[in-house]
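*Asks:* Here is how the chains run, residue by residue.
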Amino acid sequence: MKRISVPMVIGLLAALFAVAPSVQAQQAKKPNIVIILGDDLGFADMGAFGSEIKTPNLDALANEGVRFTNFYTHASCSPTRSMLLSGVDTHLNGLGNMDEWIAPNQRVVDGYEGYLNNRVVTLPQLLKEAGYHTYMVGKWHLGKAPDQIPAARGFERDFSLLDGGGSYWDMTNITAAVPKSLYTEDGRYLTKLPEDYYATKTYTDKLISFIDANRGSGKPFFAYVAHQAPHDPYHLPRDWRNRHPREYDKGWDEVRQERLKRQVEMGIMPAGTELAERMWFIPDPIVLAPASRYILGKKMELYAGMVENMDHHIGRLIEHLKKIGEYENTIFIVFGDNGAEGTDLFRMIAGSPGTRDNLFAAIQWSQTHPKAWGDPGTWVGYGPMWAQVSMTPFSQFKGWLAEGGIRNALIVSGPAVKRAKGSIDHGLMHVADIMPTLLEIAGAEYPKTHEGREVPKLIGKSWNPVLAGKTESPRTDEDYLAWELFGNRAVRQGDWKLRWQFKPYGKGDWELFNLAKDPAERKDLAAQHPDKVKAMLAAWESYVEANNVILPSRGPYDTLEKDMPQRVTVHPGFPPLIYKRQFVPPKDMLADPKP
Amino acid sequence: MKPVAWMWLVVATMLAMGALCPQQTLAQVPARFYWDSLSDANAVPVIVNSMSGNTNPFDPSHTVTPGANFDATLALVGYARTFSLFDRAAMAAVLVPMGRISGEANVAGRTFNQSASGFGDPMLEFKINVLGPPAQKNIPDLLSYEPGFSVNLLADLAIPIGEYDNDQPLNIGQNRWYGRLGVPTILQIGPWVPGRRMTFELLPAVWFFGKNDDYVGQTLETDPLFQMDAHLTRDLTERFWGSIDGAWYYGGKATINDVPGEKLNNLGFGITLGYTINDNLNLTVGYKSTVNDSDPGDLRMDSFMVTLVFGWHPLIEGMRRLKEEK
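Protein chains in written order, with my numbering: chain U, 3 to 597; chain V, 17 to 342.
Note that these hints are calculated values from the structure, not bench results. Note that the structure is a prediction, hence the values are computed from the model and not measured. There could be a bad hint or two in this list.
Unchecked claim - Okay, derived cross-link-like pairs now, DSS-like style, lysine-lysine, Cα gap no bigger than 27 Å in a straight line:
{"no.": "1", "chain 1": "U", "residue 1": "Lys-31", "chain 2": "U", "residue 2": "Lys-325"}
{"no.": "2", "chain 1": "U", "residue 1": "Lys-56", "chain 2": "U", "residue 2": "Lys-221"}
{"no.": "3", "chain 1": "U", "residue 1": "Lys-582", "chain 2": "V", "residue 2": "Lys-153"}
{"no.": "4", "chain 1": "U", "residue 1": "Lys-252", "chain 2": "V", "residue 2": "Lys-339"}
{"no.": "5", "chain 1": "V", "residue 1": "Lys-153", "chain 2": "U", "residue 2": "Lys-252"}
{"no.": "6", "chain 1": "V", "residue 1": "Lys-279", "chain 2": "V", "residue 2": "Lys-269"}
Claimed, not checked - Restraint-style ranges between C-beta atoms, simulated for each label pair:
{"no.": "7", "chain 1": "U", "residue 1": "Pro-595", "chain 2": "V", "residue 2": "Ser-66", "range": "54 to 64 Å"}
{"no.": "8", "chain 1": "V", "residue 1": "Leu-338", "chain 2": "U", "residue 2": "Pro-574", "range": "43 to 53 Å"}
{"no.": "9", "chain 1": "V", "residue 1": "Phe-99", "chain 2": "U", "residue 2": "Ile-365", "range": "40 to 50 Å"}
{"no.": "10", "chain 1": "V", "residue 1": "Asp-56", "chain 2": "U", "residue 2": "Pro-595", "range": "46 to 56 Å"}
{"no.": "11", "chain 1": "V", "residue 1": "Ala-171", "chain 2": "U", "residue 2": "Lys-325", "range": "31 to 41 Å"}
{"no.": "12", "chain 1": "V", "residue 1": "Arg-116", "chain 2": "U", "residue 2": "Ile-365", "range": "22 to 32 Å"}
For every residue, glycine included, the Cβ atom is placed at its ideal position computed from N, Cα and C.
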């Protein structure tokens, strides 16, 4: 064996010292990651996606990064969040159904726990192991027990609302059954909220403080900014409520047309795109009295204020990152967690007179005067008509598997993006792709086992080739995406989509759409393309098999067909009865009655 | 409550409590009197005052009769209509006072036990907003209305055709022209949400008086009287509100046959409670009293006031009919 000489030792040490800084430098080059989630933010609600709502900070991210127009989430919040943080299908990760709607036949079945189960390993856990600080602010909605909260699932620091919604001003929750919202801060359940609490502002303040507290560590950070906004109730500071006075009195049809026009001009949607038909139970605004237009328009004003206020606080975060020199090294991923909310949640929670929830609503949520909208104690949601606007040009909204329920706007910016600034990508993307994408960026591996258990496979595909401009989509035309929620089902493969929905939103049967030609899902092509239906049904069966999909024996839509107006096709200009105008005779034919 | 129901309540409240409430011409006007309302609305007010003091409450100059003690029951009935003028909220009203007064008066060294009753001098009133939100020409305007800082111009003119007896100083009619110019001003404090509305209201005004050349055979002249009414108002519930009222009277020196009297410089305070009974009907109850009134020459006056205002608008009435039909 060769003896080690002193000069050799000195040489080795010198080499080590020479290498160490470069390793540190390489470590320092790992980008920060900020995921910004808008709760119920619609596809068309950002300026960069055709909205008249002013979102300059989000638009700036879009202009520096890339926009995606074929990005899919799930149809409601916790399923989307579960896939974002686990990369695993909902039916395996614990959100096979929303906690609030787990069906009798789904109880005690693995994958249907109603919280992010411990069989999955989370994105923050893996990023933390890869050397990241991991922060979360905002809505969690993936479990409340001590082993289910953000601190237990990989977040080093957090300030989180554990519930699915509630007041933005205090701890008031939605129903008498769960009257108080739960919050955690760094793994402790809060007994009260901080002074001067307003959800969107406080979340931003907290995140900035987390970032600042660890700035000296030299480690990158991963921040999950799960804003409660713009989910109803539309609570927002007074000076944000009146920034679009009377702008929406013109009604939803006109605003949808304007948004689509801008989307086509921007290249978000192709020329010739048709709007989804106005839903059959929504009136044409032209038949409404000015007072009704005003009241309904004011709800949309408030919603616009919610989005603008959220954008403002996102701007504060961006500004802070610029100030501390971290902005250029930060990847931003921005999207809404599902389609815009078209269901009247307040009607659902307020119950009918004489019920427990009605009493609770009378005490906690009865400030219904429009002048009070936005204050504590008010509950405003904007309804299906404006949800359709938020989802322009698509059909339907949150809770459903039409494009309006699951397709959302996505912005990615930062050092991972090598494409032309402001570019638009139409490739097929999915929320579960984020996990493999970020693990790859962070240099982390997805494990085969975790804590001695085999972990479910990731269903997503890394976006990095897309972000590098090498391809438009991480998927081939053979790859498919599939969804099931509340018994509704859908499969997307290439340009095609197979969809089964409860009546009257669907036909209670499989429908087939070509989304490239018909993104608004107006034309069911199932009868014309039985082979395509068959092929996609096979994909569906494969999905069911791989993910243990159990269709619920009960669900929120069981009696919908009976409760809703019968579905009819909405044709523009029909019936002429309501579109006719007063006939004005020629002046030279006017006469007074003869004596 | 659904927004539509709120719309009803707002409309009803504004009709009943707002600008349609006609002026209690011969005393202070109640708080919330000059809130603007929906154009083309109508109102019939009935205002009943029970007053006592050393001045004739039918006489806005509040000429003090030292040592006198009057008791009066005064009613005002009128009609008011709101409209839009140059896109500003405007209101025109006519008010007819009526009632009875009795008491002991001393004029030129003589003591009279007198009483009078009948109709007083009808008064025409015009008010227009000059600073603040534009006229409320439709229900969306009404629903979005917030006074913020609103300034109005006010003009009153009384026509001297009320019952007058030149044999006695105590009369219902005043036998002279008189009127008022004022600047009703409203400052909104906080949100404009029923149940939480709060205002500070000022009404600086000057009363002008013509000459009564047949005042028990003498000539009565009165200098202009400056009157400043102030109200701090607050909703107690969506339909129930209260106010603390103050008034300052200054000037108004009366001269009888060239013999000048004392000018006024008096303060009064009171409280008012208001309640919206239904879509058309509003009730207020108030009490006011002068405070620095211990000297015989000081103005001494107190009054209980009850007002009922019935307001209506064709659109609102039609909506109500349809609602009742359901």
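*Asks:* Take the hints in turn and mark each one as holding or not.
*Replies:* Hint by hint, here is what the structure shows:
Under the criterion of a C-alpha separation no larger than 27 Å, the hint pairing U/Lys-31 with U/Lys-325 is consistent with the structure, at around 18 Å. Straight-line distance between C-alpha atoms of U/Lys-56 and U/Lys-221 comes to about 34 Å, which puts the hinted pair past the 27 Å bound. Proposed proximity of U/Lys-582 and V/Lys-153 is supported: the alpha carbons are some 26 Å apart, at most 27 Å. A threshold of 27 Å between alpha carbons decides the hint, and for U/Lys-252 with V/Lys-339 the separation of about 25 Å falls inside it, so the pair holds.
Of the supplied pair hints, the one linking V/Lys-153 and U/Lys-252 holds, its CA atoms being roughly 18 Å apart against a limit of 27 Å. Simply put, V/Lys-279 and V/Lys-269 have alpha-carbon atoms about 4 Å apart, close enough for the 27 Å limit, and the pair holds. A hinted range of 54 to 64 Å holds for the C-beta pair U/Pro-595 and V/Ser-66, which are about 58 Å apart. Between V/Leu-338 and U/Pro-574 the beta carbons are some 29 Å apart, a value that contradicts the proposed interval 43 to 53 Å.
A hinted range of 40 to 50 Å for the beta carbons of V/Phe-99 and U/Ile-365 is consistent with their spacing of about 42 Å. Distance hint check: the CB atoms of V/Asp-56 and U/Pro-595 are about 30 Å apart, inconsistent with the given range 46 to 56 Å. With their beta carbons about 59 Å apart, V/Ala-171 and U/Lys-325 fall outside the hinted range of 31 to 41 Å. In this structure, V/Arg-116 and U/Ile-365 break the distance hint of 22 to 32 Å, their C-beta atoms being roughly 51 Å apart.
Checked against the numbered hints given earlier, this structure breaks hints 2, 8, 10, 11 and 12; the rest are met.
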